[in-house]
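Read in this note's numbering, the sequence shown has 197 at position 197, and its numbers run on one by one without any break.
Hints were generated in silico from the structure; no laboratory data involved.
Keep in mind that a hint or two might mislead.
Straight-line C-alpha distance at most 16 Å; calculated EDC-like pairs for lysine to aspartate or glutamate [unchecked claim]:
(1) K209 to D161
(2) K285 to D433
(3) K371 to D433
(4) K371 to E393
(5) K111 to D341
Label-pair restraints from in silico Cβ distances [what the hints assert, rightly or not]:
(6) L353 to F213: 41 to 51 Å
(7) F213 to S408: 13 to 23 Å
(8) Q212 to I289: 15 to 25 Å
(9) I289 to D44: 48 to 58 Å
(10) A164 to G24: 36 to 46 Å
Quantities reported herein were computed from a predicted structural model and do not represent experimental measurements.
The beta carbon of each residue, even a glycine, is placed where N, CA and C say it ideally should be.
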Amino acid sequence: MVPGSENHRPFILLCVLVFLVALGLTALTPMVSDDFAYCFSFADWTRIRHVGQIIPSMAEHRNVTNGRVIVHGLVQLLLLLPRPVYCALNALNAVLLCALIRRMIALPSRKQEMVILLFGICFFCCFLPAFGENVLWLDGSLNYFWGLSCSLLFLFPFLMDYLALPHHESVFLSVMRIFLAFVFGTWSENASLVFLFLAVCLYLLQWIKTRQFRLFPLFWIVAAMAGYVFLMTAPATAGRAGAPSISVIGYNFRVIFDAARNDLLWPLLIWTVLFALAVSYHVEKRLLIASALLFVGALLTHLSYTFAAYFVPRHLCTTVFLLLLASVLLLAGLCRVDRPDFSCVALACLSVLFLLQFPVGVLDVAVSYHKQQLREQQIDTALAAGQRSVVLENYYPYTAYAVPFELSLSDPSVGPNINIADYYGLEEVRGIDPVREQKS
Numbered sequence: 001m002v003p004g005s006e007n008h009r010p011f012i013l014l015c016v017l018v019f020l021v022a023l024g025l026t027a028l029t030p031m032v033s034d035d036f037a038y039c040f041s042f043a044d045w046t047r048i049r050h051v052g053q054i055i056p057s058m059a060e061h062r063n064v065t066n067g068r069v070i071v072h073g074l075v076q077l078l079l080l081l082p083r084p085v086y087c088a089l090n091a092l093n094a095v096l097l098c099a100l101i102r103r104m105i106a107l108p109s110r111k112q113e114m115v116i117l118l119f120g121i122c123f124f125c126c127f128l129p130a131f132g133e134n135v136l137w138l139d140g141s142l143n144y145f146w147g148l149s150c151s152l153l154f155l156f157p158f159l160m161d162y163l164a165l166p167h168h169e170s171v172f173l174s175v176m177r178i179f180l181a182f183v184f185g186t187w188s189e190n191a192s193l194v195f196l197f198l199a200v201c202l203y204l205l206q207w208i209k210t211r212q213f214r215l216f217p218l219f220w221i222v223a224a225m226a227g228y229v230f231l232m233t234a235p236a237t238a239g240r241a242g243a244p245s246i247s248v249i250g251y252n253f254r255v256i257f258d259a260a261r262n263d264l265l266w267p268l269l270i271w272t273v274l275f276a277l278a279v280s281y282h283v284e285k286r287l288l289i290a291s292a293l294l295f296v297g298a299l300l301t302h303l304s305y306t307f308a309a310y311f312v313p314r315h316l317c318t319t320v321f322l323l324l325l326a327s328v329l330l331l332a333g334l335c336r337v338d339r340p341d342f343s344c345v346a347l348a349c350l351s352v353l354f355l356l357q358f359p360v361g362v363l364d365v366a367v368s369y370h371k372q373q374l375r376e377q378q379i380d381t382a383l384a385a386g387q388r389s390v391v392l393e394n395y396y397p398y399t400a401y402a403v404p405f406e407l408s409l410s411d412p413s414v415g416p417n418i419n420i421a422d423y424y425g426l427e428e429v430r431g432i433d434p435v436r437e438q439k440s
């Protein structure tokens with residue numbers, strides 16, 4: 001046995017558990033909505049059969065849909081590959097986030113470290129309003145869940161430097177981070193901008209504190225800015241960049257505040273209480289500043305949707321994640337001033353909520369998988385009988401963990417109806433709503 005390896009055994013076991021749970025839930029989540037559309041080339045709407053079709057497809061995607069061509073290129077690649085490849089990579093992404101957060105905590109006590117990591121997992125699973133759409137659905141997970149990893153990997157060296165945590169990279173890795181920074185900049189119109197803002201703030205704070213100018217971090221910021229410019233100058237994005245009317249802004253403002261009250265109340269309260277405790281117990285100033293910056297980033301991410309074309313629950317993903325990071329930093333700071341009891345209490349409270357939510361969510365995912373199997377059987381039967389039109393039952397999940405399957409009831413020419421018809425070789429697909437269960 002490697003000396004000291006037993007100290008890492010709890011974390012390794014946690015990673016195995018996270019991987020297996022994420023793998024199972026991802027495998028049970030069916031293709032829905034945009035997954036079917038991205039099986040086709042945007043250049044000529046033929047089914048993508050080889051990698052060479054993806055580049056011209058994304059070139060046209062940049063003109064007609066949006067500038068997120070790298071992430072949607074990955075979507076098309078993973079839809080081309082066998083499904084288990086995506087399932088395994090999505091599960092590994094969950095492990096990567098756990099590993100990065102562990103490095104941020106950087107506590108000598110493995111017990112305290114595990115308590116905070118479990119708190120973070122419960123926090124994410126309990127407070128993410130569209131868990132299935134953000135984490136399990138292929139197109140959604142690459143845009144949001146994988147986007148979190150890409151964003152945190154970009155921010156990671158800035159955060160570690162400012163917190164004075166051990167972090168050393170070779171020149172080769174520093175150069176490779178330039179490419180990562182560009183990719184990060186192209187990932188999301190909202191998240192990329194906010195994480196870039198956080199990186200600039202941390203870079204300036206570190207420069208002021210040490211009076212030392214560092215060139216590579218500046219290169220990373222410039223590369224990220226270049227990526228963001230590439231994203232936002234896409235013809236499809238620039239064409240929608242007109243300023244919304246005052247009435248639209250007012251409506252969106254009301255919507256995002258309703259979402260904050262309904263979905264972010266507890267995460268906001270948890271951070272506020274932890275910040276008050278951290279101030280009271282004289283947690284290190286730089287930890288307080290870093291946590292406050294992440295909190296501000298969460299608010300900015302949420303408020304940015306005031307100017308968006310639309311707002312749906314899955315847009316809360318980055319906000320919830322930043323609140324999670326801000327909270328675990330405070331818990332780590334409280335542990336450093338010999339107050340680990342707050343981490344235990346926080347985990348105990350969230351574990352109750354987790355145990356009440358998660359098993360039902362897993363059942364919901366399993367039901368959605370069963371519904372997909374029934375749809376597949378119905379389509380196979382129709383094709384075998386020579387039928388070219390089918391009516392498929394919609395599925396509306398009863399938790400945030402499953403992904404809805406929604407088709408238009410009357411118009412087969414709209415998406416995703418037309419995309420599903422093309423995917424299965426049908427002429428027409430319509431939806432029908434399930435019969436409501438009657439309460440006895």
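>> For the hint 13 to 23 Å, verify it against the beta carbon of F213 and that of S408.
In response: Given range 13 to 23 Å: violated, Cβ gap about 57 Å.
>> Check the hint pairing K111 with D341 against an upper bound of 16 Å on the C-alpha distance.
In response: Measuring from Cα to Cα gives roughly 12 Å; hence the hint holds.
> Regarding the pair K285 and D433, is the alpha-carbon distance no greater than 16 Å?
Replying inline: violated (55 Å)
> Keeping to a limit of 16 Å between CA atoms, is the pair of K371 and E393 held or broken?
Replying inline: holds (9 Å)
> Is it true that L353 and F213 lie within 41 to 51 Å of each other by Cβ?
Replying inline: holds (46 Å)
> Within 16 Å, alpha carbon to alpha carbon, are K209 and D161?
Replying inline: holds (11 Å)
>> Tell me if the beta carbons of A164 and G24 are separated by a distance inside 36 to 46 Å.
In response: holds (39 Å)
> Regarding Q212 and I289, is the given constraint of 15 to 25 Å on their beta-carbon distance met?
Replying inline: Because 18 Å falls inside the window, the suggested range holds.
> For the pair supplied as a hint, K371 and D433, is the alpha-carbon distance within the 16 Å limit?
Replying inline: Since the Cα atoms of K371 and D433 sit roughly 13 Å apart, the hinted pair holds (cutoff 16 Å).
> Taking the beta carbons of I289 and D44, is their distance inside 48 to 58 Å?
Replying inline: holds (52 Å)
Hint compliance for this structure: hints 2, 7 are not met, and every other hint is.
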